[in-house]
Amino acid sequence: MKNFNGDVLFLDRSDINTDEIIPAKYLTENSKEALRPYLLEDLSLDGFDPGRDISGKSVVLTRSNFGCGSSREHAPWAFEANGINMVIASGFARIFRQNMFNCGMMAVELPRDTVEIIFNKFNGQKTSITTDMEKMAFTFNVPTGEALEIPFSISQYDLSLVKAGGWVEYADKNY
Amino acid sequence: MGKTVAEKIFDAHHVDNPSGDIHVISLDAVFCHEITTPIAINDLVARGKDRVFDPSKIKAVIDHVSPAKDSKTAMQGKILRDWAARHKIKDFFDIGRNGVCHAIFPEQGFVRPGFTIIMGDSHTCTHGAFGAFAAGVGTTDLEVGILKGVCAFKKPQSMKVEIFGRMPDGVYAKDVILALIGKIGVDGATNRVMEFCGSVVDAMTMDQRMTLCNMAVEAGATSGICPPDMVTVEYLWPFIQDQFGTKEGALEEYSRFLPDGDAVYTDTITMDVSGLAPMATFGYRPDQVKPVSDMEGTPVDQVYIGSCTNGRLEDLEIAASILKGKKIAPYVRGIVSPATPGIYSKALETGIIKTFMDAGFCVTNPTCGACLGMSNGVLAQGEVCAATTNRNFNGRMGKGGMVHLVSPATAAASAIEGKICNSPLYRLPE
Chain A
2 MKNFNGDVLF LDRSDINTDE IIPAKYLTEN SKEALRPYLL EDLSLDGFDP
52 GRDISGKSVV LTRSNFGCGS SREHAPWAFE ANGINMVIAS GFARIFRQNM
102 FNCGMMAVEL PRDTVEIIFN KFNGQKTSIT TDMEKMAFTF NVPTGEALEI
152 PFSISQYDLS LVKAGGWVEY ADKNY
Chain B
204 MGKTVAEKIF DAHHVDNPSG DIHVISLDAV FCHEITTPIA INDLVARGKD
254 RVFDPSKIKA VIDHVSPAKD SKTAMQGKIL RDWAARHKIK DFFDIGRNGV
304 CHAIFPEQGF VRPGFTIIMG DSHTCTHGAF GAFAAGVGTT DLEVGILKGV
354 CAFKKPQSMK VEIFGRMPDG VYAKDVILAL IGKIGVDGAT NRVMEFCGSV
404 VDAMTMDQRM TLCNMAVEAG ATSGICPPDM VTVEYLWPFI QDQFGTKEGA
454 LEEYSRFLPD GDAVYTDTIT MDVSGLAPMA TFGYRPDQVK PVSDMEGTPV
504 DQVYIGSCTN GRLEDLEIAA SILKGKKIAP YVRGIVSPAT PGIYSKALET
554 GIIKTFMDAG FCVTNPTCGA CLGMSNGVLA QGEVCAATTN RNFNGRMGKG
604 GMVHLVSPAT AAASAIEGKI CNSPLYRLPE
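Residue numbers (this note's numbering), protein chains in the order written: chain A, 2 to 176; chain B, 204 to 633.
Treat the hints as calculated values from the structure; they're not laboratory data. Even glycine gets a Cβ: it sits at the ideal position worked out from N, Cα and C. Among these hints, one or two may not hold up.
Dumping the calculated BS3-like pairs for lysine-lysine here, alpha-carbon to alpha-carbon at most 30 Å [as the list claims (entries may be wrong)]:
1. B:386 x B:622
2. B:358 x A:3
3. A:58 x B:602
DEER-style ranges, computed between Cβ atoms [claimed, not checked]:
4. A:134 x B:603: 39 to 45 Å
5. A:31 x B:311: 25 to 31 Å
6. B:293 x A:4: 40 to 46 Å
7. A:148 x B:222: 29 to 35 Å
8. B:217 x A:31: 31 to 37 Å
9. A:32 x B:524: 18 to 24 Å
Covered stretches of chain B, going by a simulated chain A footprint (3 or more residues, C-beta under 8 Å) [to be verified]:
10. 245-256
11. 266-276
12. 323-329
13. 346-355
14. 389-396
15. 536-549
16. 569-579
Take these sequences, add in the hints, and give me the full structure.
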């Protein structure tokens, strides 16, 4: 299983699309690693600087309809190449969400109100997250010592993809 | 309980129900292009699984960057080309015979009512115009589709979209779908199928239905679906006549996939188009839509007519009827990309291409190129383009460029004026 713990990158906007995550001009690359420098290059978000803000982050927290637009799996790959294996959001576009689990990564949906609480409490602070896959819970921590535990749920099917490391081996074995 | 079109198609393709509402279905076709397929091919090779489930059900095209613009895109084409050759994939379309995937595959007769189709391309929903379940997927799903001929989906729920009224002159399927996305938002149909119906849809040609279904994904939909009818049969007739003998026989067979009267939908959207005006987008989201008249006077640097949304023959005919005998504004760059060689060829025969050229348009070969800012018409920082494409995302046609999505009629009229404006075919309601 991939790593789902670490520092949080807050992206406080809805409808962040795949062209913002990785622009089409980089789709000519044939390796995941080659995408690394271009993650979120075209993101429209006040105060966000990809060169400064992505480094060292392991998890993204964002709003609704994340990953809308293109089917490009380059979007999850660009995150993976930067050490980000999990996105937590109040909603996902279908293809992006499926691509994440197909790669053994996690796209976890939380209720809108819960996401709002996390943003209000922690956005702007250095925040880290630990993910307990047995208990199905996240713990958010900030340097002041404040902590917040948030339960989450993913389907057994999605969990089996995360554990198997993706859909190709699963499907080839079963169908 | 009655069933929707998507539910009937899923039932007919059931393979497994591994858990909960996840259904694995068999695929009638896997479509491939050179941007998302090469990585799937490389991964299959690396896993020692360089196989295809059925070469006759795999269709491949080089369309996104054609001709290749550099060594990297040349290599993407080569990987796809070599793979098609070694697996004896007969339906492979290389330069000279290639077109935009969502235009050339229907034109070749590869889509049938009741089919299940995936492709590593979000606009695969276009093929739902034929009463198929067609969905865009990522590279991993594509890879499994190529290898095993199956794909996993959540059991599809459908939203019913009923479109009725009298379409005003100069208002088109593009305006209808833009207005609809403006109404329900960019996640208004997420994880659902948009099932279209109503007198306006019934009266649409297949070209128009493809425009409608093409943009279903811009509202988050898994697929757009128009139930099959005689219009569908007429379009497919050259490909299916040997199978059925009569059109009525074909229609009867395809009627298996019509929705039941008591089918259950998550919601029903009704749309009266009688007062609809030509629409345009104004921001970086396809649901930021307003009437063209509210944007009149916005200067444009480029006008692009083409893409899987609006690069078909009817689209070119409408644009040409407005451009005939006119010149585009001297500082505007007009680019038209007929979506397939078949369309290009017909447009040559009927004089449409000459009309475009006389008006000052550059006519390119069939390719997706400019729509996603990869080639053949990339915008510079600060430039504005009126485009018949499907996405106005920030940077979509080039970093720092602004895209206004419009119909071919609005695009042609805007090219002449050098500013966004309504086409002369549209008359304001009295």
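Going through the hints against the structure:
1. B:386 x B:622: holds (26 Å)
2. B:358 x A:3: holds (28 Å)
3. A:58 x B:602: Measuring from Cα to Cα gives roughly 25 Å; hence the hint holds.
4. A:134 x B:603: 39 to 45 Å: holds (42 Å)
5. A:31 x B:311: 25 to 31 Å: holds (28 Å)
6. B:293 x A:4: 40 to 46 Å: holds (45 Å)
7. A:148 x B:222: 29 to 35 Å: With Cβ atoms ~32 Å apart, the hint holds.
8. B:217 x A:31: 31 to 37 Å: holds (36 Å)
9. A:32 x B:524: 18 to 24 Å: Cβ of residue 32 of chain A to Cβ of residue 524 of chain B: about 47 Å, so the range 18 to 24 Å is violated.
10. 245-256: holds (count 4)
11. 266-276: Held - the stretch 266-276 of chain B has 5 residues with a Cβ nearer than 8 Å to chain A, which meets the minimum of three.
12. 323-329: holds (count 4)
13. 346-355: Held - the stretch 346-355 of chain B has 6 residues with a Cβ nearer than 8 Å to chain A, which meets the minimum of three.
14. 389-396: It holds, with 4 qualifying residues against the three required.
15. 536-549: Violated - the stretch 536-549 of chain B has 0 residues with a Cβ nearer than 8 Å to chain A, which falls short of three.
16. 569-579: holds (count 3)
Against the hints set out earlier in the document, violations occur for numbers 9, 15.
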